[in-house]
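K.L.:
Below, each chain spelled out in residue letters.
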Amino acid sequence: MFPADLKYTKDHEWLKPAGDGTALVGITHYAQEALGDVVFVDLPEAGTSFAEGEEFGTVESVKTVSELNMPAAGEILEVNASLGDHPEAVNEDPYGKGWMVKVKLAGDLAGLLDATAYAALVSAESH
Amino acid sequence: MSELMKTPLNAAHRTLNAKMVDFGGWDMPVQYPAGIIAEHEAVRTRAGLFDVSHMGEIRVKGPGALALVEHLTPNAVSKLAIGQVHYTAFLYENGTFVDDLLVYREGDEEFLLVVNAGNSDKDYAWVQQHAPAFDCTVVNESPTTGQIALQGPLSLEILQPLTATQLEPIGYYFFTHGEVAGIKCLISRTGYTGEDGFELYCAGGDTERLWNAVMAAGTPKGLLPAGLGCRNTLRLECKMALYGHEIDDTIHALEAGLGWIVKLDHGDFIGREALLAAKAAPAPRKLVGFKTLEKRDIARDHMPVVQDGKQVGFVTSAAPSPTCGINLGLAYVPTELAKIGGTIQVEIRGRAVNTEIIPTPFYKRTR
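Chains B and R supply the protein sequences, listed in that same order. Using my numbering, the first residue of the first sequence is number 1, and each one after it goes up by one. Using my numbering, the first residue of the second sequence is number 1, and each one after it goes up by one.
Please keep in mind that the hints were generated in silico from the structure rather than gathered at the bench. What you are looking at is a predicted structure, and each value in this text was computed from that prediction instead of being measured. Among these hints, one or two may not hold up.
According to the in silico footprint, chain B covers these stretches of chain R (three or more CB under 8 Å from chain B) [said to hold, decoys possible]: (1) 28–36; (2) 293–300; (3) 311–322.
27 Å max Cα-Cα, derived DSS-like pairs, lysine-lysine [said to hold, decoys possible]: (4) LYS295(R) / LYS102(B); (5) LYS286(R) / LYS263(R); (6) LYS97(B) / LYS19(R); (7) LYS364(R) / LYS263(R).
Pulled a few chain B residues facing chain R out of the computed Cβ check, cut under 10 Å [said to hold, decoys possible]: (8) ALA34; (9) ASP37; (10) PHE40; (11) THR58; (12) GLU60; (13) SER61; (14) VAL62; (15) LYS63; (16) THR64; (17) VAL65; (18) GLU67; (19) GLU88; (20) ASN91.
Here a beta-carbon is modelled for each residue, glycine too, at the ideal position from N, C-alpha and C.
Chain B with its partners taken away, still in its complex shape (with noise of 0.2 Å):
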């Protein structure tokens, strides 16, 4: 349910780093699961630069509408237009069609949680 090659925050987003300077980021099983069903995505335009723990778009479901922050500083590269046709990939694939922006990386990951710590993050929520 959290792959091991992702970062994690606590407010349940998710960041895969390229490699190269850039990541994909997006929100975990667990968010897709708490909110229901995706019905919109609502991003940023690309060039948008961002502070690490700004809101950077919303997520908005049948039932509620959660805020999306920035797991780490970076300016938008590419957001996934097909979440305006198909916002339920967000809840069928969150870690790959459901990606939500691509960044490029202004600061260091040091603030985030490997799977691990994450999965006793959301074990400690649940219960």
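Based on these hints, arrange chain R on the given structure of chain B.
P.N.:
Relative to the frame of chain B, chain R by itself:
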């Protein structure tokens, strides 16, 4: 926090991998693995099965029962035939809501009042408080009663093989007593989804057997277990009121658009004088339906309605509508703004967003 209350179906929900939430102190399923949209569509096109055992049941019986229920509710109770149900309310003297409820006429001198789970204790106290002046008994049957709601166009076809009672002749908002899957039930052709369907009341201890029998009969026909998440989107599309949203103790029955349950010329009831006065004066606000114009603009419950930067009203309920495919909502707005086709602004996370007032209900089934 005190422990959540559980319905007799709690274990069944967990077996079905439901996502459970605290709903007014009850541990209830908000959705099953199929999800809110799939459950919503099942109810609109096939059928869904809801656990509504958390609802409250109050039985009033005796020579003074009719007079008590007429005193407590604004609808014309004496016009109810035995075997008939109607939607009504408990009102305060000022015409605002204690709760909304269904009244079942079980006999000349016997009524079953079905109230909201979260208001059940308050409602029972309210009935008890007024009962001493009337010759009748009041019994809170909530702790010993289970209830499930089978809703959707295939409801009759799913339920009929489980009972010798002929279901087709039961009219909308009528009920009868019979056995379903060998279990004694009150079989009521009512619901909170805008579809055909049946609400089945039984003894608490029989509820899980009844649920399993209906699930087994319906699953081959596409029945899904349905949670509170889709119950809310289904009722919102039909503009059915929800206590704590469209109605509460600050909103009176006429501004809620529920004038049709208020029979002002049918004898006295608590709240009648206030509603007579309200009817004589121009209404300052009205409940309207709206849609947002952009896909990204999704209004939510309790957001402010604004005009020139000032709050002039509020959203009662709002959500993306699975059936209509647009973002809908209900809101109280000043009467001068309440025109079909008119624009009202809803403040969505700091942005004033234009929405259009559209006719309600948003959805109506074709019979």
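K.L.:
Confirm or reject each hint.
P.N.:
Each hint, compared with the structure:
no.	hint	in the structure
1	28–36	holds (count 4)
2	293–300	holds (count 4)
3	311–322	holds (count 3)
4	LYS295(R) / LYS102(B)	holds, 23 Å
5	LYS286(R) / LYS263(R)	holds, 20 Å
6	LYS97(B) / LYS19(R)	holds, 24 Å
7	LYS364(R) / LYS263(R)	holds, 25 Å
8	ALA34	holds, 8 Å
9	ASP37	holds, 5 Å
10	PHE40	holds, 6 Å
11	THR58	holds, 8 Å
12	GLU60	holds, 5 Å
13	SER61	holds, 8 Å
14	VAL62	holds, 5 Å
15	LYS63	holds, 5 Å
16	THR64	holds, 8 Å
17	VAL65	holds, 7 Å
18	GLU67	holds, 9 Å
19	GLU88	holds, 8 Å
20	ASN91	holds, 7 Å
Hint compliance for this structure: every hint is met.
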